[in-house]
Every structure is written in C-alpha cells, then in structure tokens.
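Based on these hints, arrange chains D and C on the given structure of chain P.
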Amino acid sequence: MSMNEIVKKLLFIEIIKGLALTLRVFMKGLLDPFSEKKTIVTRRYPKEKRPAAMGFRGLHALVRNPATGEAKCVGCGLCAAICPSRCIYIYTSEGTEHQKVVDRYEIEVLRCVYCAFCVEACPYGAVVLTPHYEYADYSREPFYMTKEKLLQNWDRFMGEKGYDYFDSFWNPGTGHFKGYEGQAVFRGKRKTEQVDEKKTDTGGESA
Amino acid sequence: MLDREKVREIVRKYPERRGALLPALHLAQKEYGWLSPEAMKEVSRALNLPEATVKGVATFYAMYRRVPAGRHLIQICTNVACMIFGAERLVDLLKERYGLEPGGTSEDGRFSLMIMECIGACDRAPAMLVNEDYHPDLNEERIMTILEGYK
Amino acid sequence: MIELTIDGKLIQAEKGSTILQIAKANNIKIPHLCWDRRLKPYGGCRLCLVEVEGQRKLLAACSTPAENGMVIKTDTPVLRKARKTVLELLLVHHPLDCPICDKAGECDLQDLAYQYGPSEGRFYAERKHDPEATSPLIERNPNRCILCGRCVRVCWEHQGVGAINLIGRGFNTKISPAFEETLDCEFCGQCVDACPVGALGTKPYKYRARAWFLESTDTICPYCSVGCTLTLDLREGKILRVRGMDGVGVNEGDLCGKGRFGFDFIYSEGRLTKPLLRKNGEFQEVDWEEALYYIAERLRDIKETHGPEKIGAIGSARTTLEDDIMLARFFREVLGSDNIDSSARLGYAWALKGMEDTLGIKSNPVSLNSPIGKEVVLVLESDITSTHPIFGLKFLEAMHEGTEVIVVDPRKTKLARRGNRWLRNRPGTITPFLYGITHLAMKEGVHLKKDITAEGLDELEDGLREYTPGKVSELTGIDEDLFREVALRFINAESRLLTLTLGAAENQKGLETIHAAANLLMLLGEGPEALQIPSDYSNTYGAWLAGLRPLSGGKDLYGMLYTPGSLKALYVMGEDPLVTMPDAGTIEENLKDLELLIVQDIRLSETGKLAHVVLPASSWAEKEGSFINSQGIRQMLPKVVSTTGDSIADWKIFRNIARVMGHDLGTVEFSQLKEEAGKIVPEEGTRKWRFIPPEWEGLARTTEEYPILMVTGNIMQHSGSLSVMSKSLSHVLSDAFVQISPEDAGRFRIGDGEFIEITSPKGTVYIKARVSDEIPEGMLFVPLHFAHARVNLLTEVSRDGKALLTPVRIGPRKGNGGSPAG
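Chains as they are written, first to last, in the working numbering: chain P, 1 to 207; chain D, 208 to 358; chain C, 359 to 1180.
It is worth saying that the hints were derived from the structure and are not from the lab.
All C-beta atoms, glycine included, are put in the ideal place defined by N, C-alpha and C.
There's no promise every hint is true.
What the hints assert, rightly or not - Partial pick of chain P residues on the chain C-facing surface, computed with a CB cut under 10 Å:
1. Ala80
2. Ala81
3. Pro84
4. Tyr89
Bound-form chain P, shown alone:
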C-alpha cells in the first residue's frame, strides 16, 4: 500500500467524493421541478403512473355503442375463433324482434395472452384492450369478465378517448375498405355514406 493510499483512507477522501456526488444529485432533484432539463427517470409508482402507449394491451373492454348505449358486439364469434388461448365465450340467442341478442360475452382474463387478435378480428371494433393494467387481485373471481364488467371497463378506462383510439390506432378499420373512384353504378343512387378520408397515419409508439 503506498503512502498516497494510506492518506486517502485516513482522510475518507473516497467517501467524501461519493457523498459529494450524492449531495449534488440530491440538490439537483430538489431543484428539478424548477429547472429546464428534467433529469429524473424514476417514477414514484403507484403515486405516479406511467401513461400507456397507444395500443397498449391491458384489461379487456367491450365498446359501448354511443347511439344505443349497448355493446357494439353482435356476437359473430370471430374473436373467439381467433383467440389462441380460447378464453372468449359468447352466447347468443334470438330476441323478441327476431334480432340476434348477445346474452353473454365472457373473457377469462387469466388465460388471455394479450395478443389482441380479438381486437384485430372484430369486424365492428367492438372489443378492445384498454391501457388499464392495474387489476391484480386476491381471488380468481374478478378475472372472469362478464359482459357487464367489460362494458364498465370501457366506461372507466376508455370512454370517449376510445373512439379516437380505434380511428387512429387500429388500422385499417372497416371504414377504410372502399372502391376506386369512377365505379360503375349498378342500381339506385350511390350511398351517401362516404368513407372518412381522415388521416390514417398513426401516432404509433412515439405518441
């Protein structure tokens, strides 16, 4: 051991250096809210939540149709067909007006692998994975999602912003399929429902 090292040890030079760094960072942290350059990367979860990126695949929800207040789902079963973990159960029946009624739409969340194939498969944009990810619980029961629970999920975790979410993230949507201009018109008038020409580029991950 050299003389130099001994002196350093005796005078706690290294420790003081380290503490100085700590003090510097500490002071920076104290001043951070007032400074231009944000330097803190740690989040104080769960007080401070990380915003989910567009297309984050969290808890499931059924889209509420703003026109009727009911679920958009018609029970076509494509989500159940595509689901690799077979965790979607749909039960339909005939309603009083001979219409198709979705009696039960259930997702066994614990078996879900969050691939979001169901969302892609749905021709009506009726099922979605919300950005909500905090749903740990102590029993299995809360993870069995019924239609009512799934609709509540929509209200709580998606709501209004959900419609944008479909427009700008899940592309192509059904509305994007259209013919070319100058199509021959066979009969009757061309339907007025023009496809929304809105921008189709997505915010993507950078949003």
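Coordinates of chains D and C only, in the frame set by chain P:
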C-alpha cells in the same frame, strides 16, 4: 268453376302433368279474367301439382294477370314501329278518355290497359289487341270507334 | 367406358356421367352452388364452368355430359375471372351480414368469395329488405337468397312435396310458399341442408352458436327403423342441431323432420331425474339405493309366493340392443321368468309370422334401395313416407327412374298424390284386393309359367274362387276395370315389389294381409326380396332378435296386458302401453290389479303414473349402445351428452338390481354386452314355401249405430309417444286430432277445428276434428301419439293378428264444451 273436362283434355296432350300447366293457366285466366289465388288453387287441384309450382309459373310469365282486369283488355303496342306512328299518343288519349293508366283498369271496370311488346303488326302500325281481336292501322278517331264497340 | 383428361390427368369414366360427377369422383374440385347430388342438373349458378379444348365457350360442368377424348381444364386464369365475376354479381344483392348470419363459417358462397373473392365490388348494391319469414321450425331470410333453387328442387324433385317455389321474376323473385303464408309442409328441413347460403335455417338453432363453436358427432336416429345417421352438432356438451351429411349413413344425408328436429326430447322438462317410489299413494323422490332394495325385495316376495311365471316384462322398441339383452338376461337368469315381450308383438311380429308361414323365413330385412329399378311397385295401405320417411323417398326416386308406383290406400298420402297411380279402396280392404290379384293371376295362368312346388296351391285356388274382379271391386270400392288393369300390370311386370308397414299403431292390416301378399308373390315366382315390410321403430327388430319375446312358452304381450290376473308383477322398460297400444281401457284395469308395477322410462309416462316404482333411465345420446335397423344392420350409437339427473343406462339398472338381489349376471362392463350383442344373428328359416288359403273375415262391420270406421296410425311429425316430448316437433303439432272427410263433416255437421265426440262400444273420447280431403267418406284417421286424447280407449285388440278397424259414431261435442254451430 274451371271446366275439368277441358283441363283433362289439355293434360292428355302432354306427356307430363307439368306440361299442361301453361295452357291450364290460360284457361283459368280466360274463365276468370285474371288469376286470382283461388283460380291458381283450382288449377293446382285440377293438375295435382303443388300450389307453389302453379304460383311460381304464374308469376314468372308476364302474360298472366294477377290483378283483377276489366271486362275488356286492351293491349297496345308501343314498340318502335307503332311508336313512330303515334302509339304513345293513343295511350295518352286512352288516359284522357277513360282514365286508363298502363297496367290499370278504368273505374267502371270496362277496360284494362296493358302495354305490349311488339305484336308483330309493324306493317300496319300502330296496332292493338282488344281481348283477342286484332285492330291495325289505328288513329285517334278509329281507336275511339273501335272501343265504343266494346261495352 | 370413356377416357378423358381433366387438368392433365387421364381419367376413365362411365359414359353418360357429367364432367362434374367425374371430377368429384376423382377428387378434382370444381366450385358449384346450385348442383346437388340428388337432383337433376340445373346449370343455374355458372360457377362450375370449365374449359374444354376445342369449345369456344366455357361449359357448365354440372350439365355437360363427358365425352370420349375431352380435354378439360378446371382452373385457368380465364375460369378464375369468370367465376370471380359470377360471385361479384351474386354479391351485388347478397347482404354482407355474415357476422350475424348463422351460416357463416360453413357457407358455400362465403368460402367461394374468400377463394376467388372480389375484395372490391364494381357495382353499388341494391339489397333486398324483405322481412324474415318465420315458421315453427324453418326460417326463411329472402334477402340472403341467391336464387339457386336448390331448396325448391329438393322439396319437389326429391321430397315430392313442392311447398316452396321461386315466386315472381327478376330482381323481385323470392323463395316462398304459394301465397306468402306461413310454411306448412312436412318440416323435413331438407331445404335447410340444401341451402348453400344462410337464406334458410332452422329455428331452434337460430342465433344459438357459430359454426366454429360446434363439435360434430355422428349417431343413429332414435325414431323409425330406417336407422339414419344423424350428425349432431354440440356446443359445450349440448346438442344444438342435427344435420344430414351428404353420403353418410344408410340415409346418405337425407333426413326427415323427426330426425332433424326431434332430438330435443332429451332436454324435455318432463325428464325423470330421480327414482320415484309410491309411498301412501303418492310418489316420492328417493335415491337409487332405496328404490333398488324395494324392487329387489318385492320381486323376491312375489317370486316366492306366486312363482316366477307371475312376473312379466315389456321391453322397448327404442332402447338399445345392449339394454334389451340385459332385460332378457335379468328376467331369464335372475327371476327365471320367460314372460317377456315388446310392442313388436302387435305389428312386426305378425309380419315375421306371416312370412314364416308362407315363405319359410324367420327374418326378412328390407333393403332401402329395393324399389329402384323395379318395373312396378305396389304400396298397400301404408303411408311409408310418414312412418319410414327415408325409405319412402326411395319410392319417389324409383319413380323418377321409371318405376311405376301404384298406391292402394283410402288416404291420400304423399305417395298417393305423387305416385303414378292411386287407387282409393275402402279402409281395411287391402287383403281382398290382394286376393283379387292372386285370383286373376291364377285365371290368367301366370303361375303355370313357373314351377311351383309349394304346397297348398289347390286350397288357395279353391279359396280364391269367389274373389273375382267384380267381387273385389264390390268389396274394395275400386272400379272393376281399373282393378283389372292394375292387377294385370302387376302380374305381367318383369320385376315387382310389394310393400306395406305393420305397426302397433296401425289397425287396418294384419296377419292375413301378409299371407295374401306372400301368396301372390310366391305364385308369381318372387322371393322374399319382393316383399318389403320395415319394422316399426329404431330397435324393434333388435329387441326381437335380442330375445324380448317369450322363447320357451312364456306369456306374450296379449297374455300379460290383456288377460286379467295373469300377472302379479310387471316390469315395463321404455314403453307406454296406455298410449301406444290398443284397448287401453283393459290394459289400465289389468295394470291397476298388479301388486308391483315397475316402470323404467326417461319421463313419467301415462303407464308410469300407475306404477309403484318409476326408475329414471338415461335416454338416447346419453348412453352407448346399438340399434338394429330394419335392414338388419347393427349400428353403434356413441354417448354424446351427459346423463340427466340421476338417471342411468337401462342395462346398468338391471345389473344393479341383480346385484342387490344377490346375483352376479357376469356382465359388468359395457364392452362385454357389446360383444354379446355383436353375436346376434337373424334366424334362418326352412325357406320352404307354403300357400295359406284365404282367411279374410270380411269388411269391418259398420252398423247403424256405429257408421264410421276409425283407422289409427302414425303421422309424419310424430312417432310413437316419444316424439311428443320434443318441443320442436310439438311446435308443428302438439294437439291430438282426427281427420274426417268433408262429406262426413257435412253429414254430421262438424266444422274444421271443432271438438267432436267419438264413441265406440268401448267408450267415448273428445278430440279436435280436421276436415281433410285426404280421407274418404266413412273413415276417420286418428294419430295415436297424444296421451291426452286417449284414442286407444276405443280400439280393440286381436290376438290372432287380425286387422281390427274400429266402427265408431261421431257427433259434435255435447255438454259444457259448447255445441258448435250448425
């Protein structure tokens, strides 16, 4: 009532009962003036064919009338030759005189009007059929005189 | 044989077959929508277009006969473009409601659109917006229809019904019954299977599941003895629908309404879930242990005090072969009683006896395809298209191929309407009709052409002397010349077939009819193949072969049910004698006298209500087993769904009772029973022919007091008392009715739908009247299926197989029901 003997006579001419369907329907139409559901049911019974078969055939051919017709049926041609010689004017005239719309019946139930596709009388256009009588070389006066003959 | 090339493959084929048929046989896929194996080529959809070398145009493969040396291409860019265009045009009208449509996932149009698919339509679509037409069982959605006409053609060409047709023309064409009314047909549902899109669907299945949620299992139909293969579609262990699979099973994909819609009897609310034991006059639910110990004890008591010959059993024509074997073994080995019989005694047993008497055979399995290729087929007072619908279809098929189908029946049945010739005889006079033909055959000396070695010919000739055409005409009510013409046609035909049914529910034919039919055929030199008598129900024949009949001098059904005091204990398995057997009054009295009545059934039957113990059995589809159909083919049934409540399979119940009684029957496992059942073979007879002289006793006598003859039988939508449990079939028909001719309705002042009173010497019942020109004057036709009508209170039973038509009198219902107008 449909004359069963006549129906049998028609049936005898064809190897299959279904073959007799068109002439039997014509017979019924002649009898009743139009093919009412009852008339079709009667044909179905007479030929021992399902009602649906009879109805299917009756609704396919334009020659069968499925709405009640007047006492006399005017069938007027408005194809090219007749049109050039003014058949359309005659149609308008009928509307004016008797309130006849194409496909309709006059209020007093005297005439029914049907627009025919070519009746093969282009050389003597315009022409029309009243019931089964053929009247060529029509003009505004002639058509009126002819029709006055049908009460 | 011709040789042609399809897609570069050299193929040999039968001359006369179409390109599509050859391609199908050689696994070359050509798309098609309007083609159906069972129908004549139609060439409507233009999807099966193929390129043939040397032909300028594309040809429709379904309707172009293949020729020698043809070079055919089935998949070229040109064809793909043509097919794509066809699909595009179809999709102009076809709504894209696949997410809602029940057909999605198994839709031909969807599959083809996916295969060739225009993802962009060049046309703006005009869709139809017609309302859906509902009916009890079949849903029509005209908007989805592509007008291929398969349903129409199946209904008319194949089923011979013609309930629907293409009505209208052009864009407005739609498939509909004649006058837009609710569909009123047989409800066979063949149109639903034929529909390539979702325009036709079954109501019970509507919106219940998507095609990809279903698992399919094949099983055998529990209703009639044809033994059709049903394809059950299940979701999560529940049967949702039944389909016929093209080419699968004896039925090759054809099904009737009972098979297609009648499966839901297993989900009936009336199913028994627990054993019921009568305590102080009331039924109480008990557990199996208590019920079994009670039965064991009582049976032991009765056996000891009265002897085993006082214990009897009635088996079922619908339980599996394995169940039947177990019942027979339980009775013979444990109880030592030979008093075992089944409902076959009242019908099919007489057919077998009749054939043994004459043709010397102990079994005569029918062959479904027997009518095809015959010159003349004679159907004798039998509504085969109702009782054995798929066998009935073969008669229509034969007719299309040139067979002359002659129907002799007082009722205007489907075959009577569609057959080449229909003779309306008086009810119950088919026997003299046959005598008449036989007489004529003898007179014409036809038999001399064949070597007839059978004995009894002289007696027959003697006995038939009086049955001259004139006399027969007088007896049967058929015009003499017509009779002579038909008889000679039958006699002089190159090949011929006689067919009739003989069932417990029918009372216008009997042993003497079988004798007469066999006499005639033997005289004409025909063997047993020319006499086709199908057994009643799914396992009637099997029950007979499994030994559900007295084998060593035991009491038969007549001895057990109709002889007072003959039994002290009766075990009834899966049968409801009070509903399905004649003279219910006598049966009821005898049942009430019993010390012990055990009824083992899937629901609390009318007979069960009189029982001391009722045991819940698991039904069809809830247990493994096998049926022997009328062709003598043993077909296995898998267990498809779980059992209802505490019910267990019939054979297990017998095993358990035997165990409680201290016997080990040796059979513990199903596999052993299955093996045993596999060893059952039909008995051979001596094959020695013998003529039986005529024994007909004359027309059923109507009197001043009882002027009308009542005929009982089965109808299309129901079969025995089982089908009444089915909700779907009950939607079509749930109430008892009696068919009456318009003439009689006028004479007795009875209106359609009114309740009438039918009185025979045995009693009176009240029942709804249906005026129908299917019935001749002086006859009533009553289906026996409905327990509440108690029609069989009126009928009589004959112990020697005689046909016993019941003379009755009718009148408007009197008393508080309110007298109808008139």
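Outcome of the hint check:
Hint on Ala80 (chain P) holds. Least Cβ distance to chain C is approximately 7 Å, under the 10 Å limit. The closest approach between the C-beta of Ala81 (chain P) and any C-beta of chain C is roughly 5 Å, which is under the 10 Å cut-off, so the hint is satisfied. Nearest Cβ of chain C to the Cβ of Pro84 (chain P): about 14 Å, over the 10 Å cut. The hint is violated. The criterion of a C-beta within 10 Å of any C-beta in chain C is met by Tyr89 (chain P), whose closest approach is roughly 9 Å, and the hint holds.
Violated hints amount to a single one, hint 3; each of the other numbered hints is respected by the structure.
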